[in-house]
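Using the sequences and the hints, build the whole thing.
Residue numbering for the sequence shown follows our numbering, starting at 89 and increasing by one per position.
Simulated from the structure, these hints should not be mistaken for laboratory data. Take every hint as true, because none was put in to throw you off.
Listed next, with one range per pair, are the computed distances between beta-carbon atoms:
{"hint": "1", "residue 1": "F177", "residue 2": "L154", "range": "19 to 27 Å"}
{"hint": "2", "residue 1": "R246", "residue 2": "T95", "range": "17 to 25 Å"}
{"hint": "3", "residue 1": "R229", "residue 2": "A157", "range": "22 to 30 Å"}
{"hint": "4", "residue 1": "T95", "residue 2": "D158", "range": "46 to 54 Å"}
{"hint": "5", "residue 1": "R254", "residue 2": "N220", "range": "16 to 24 Å"}
{"hint": "6", "residue 1": "G272", "residue 2": "D158", "range": "39 to 47 Å"}
For each residue, glycine too, the CB sits at the ideal point set by N, CA and C.
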Amino acid sequence: MMLPALTADAVIFDLDGTLVDTLPDIVWCLNRVLQDQGYQPLPRETISAYVGGGTGAMLERVAARLGIADDKALHTHYIACYQQHLVQFSRPFEGVLEMLEGCRQLQLPMAIVTNKAHDMALQVAGQLFPSNTFEIVLGQRRGHPLKPQPDAALEAARHLAVEPSRCLFVGDTVIDLMTARAAGMHAAGVTWGYGRAYALQAQTADLYCDQPADLLHAVQRANPTCVAGAIASPL
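Take a look at the structure:
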């Protein structure tokens, strides 16, 4: 597959479904809470389709599916469970560590912008990646719009001191591609996560990646003078 060269001076990543397979912990906690409240557990595939819009949106969809009139108790107990099991089973997707190391060697500053609660996003990134991997991690914060609104992506670009048009936004869902476009950034859709491939491809993106190495190779082609040694051992 011939990948386009993407002229980018910084890379901003989504978290769940893009860098980290967090679904095992989400599924485990959600189904544990549902069963404790007398409901049948949901299939992994169903829960996967609900990930990406933030915890509140996910639980609203679960409540609607199961006919739960008041989802406050569901939200409270799920948050309490998930905070204790953030990285019980979650791990970076295969090839992600190598890809991040390659971007680091290309001297590309990196950030995370996610709809996951901010404190949880910090904990997941802090426990699964070295502390110097990302310049900034931005999650859901009170008073700050969620993706696909561009506010957090633009905040990350300002922190990285890179113009939005020189940033590459990488994610696994339509929400991520919409965010990139709203922020005036290059967009890369990844198919190894939780988004539906057909839905991603219905959106306009600069690049679609089936594996993390695809993303790194595209960025390397745009930075040929820095490529030597860019694929190295994992972080």
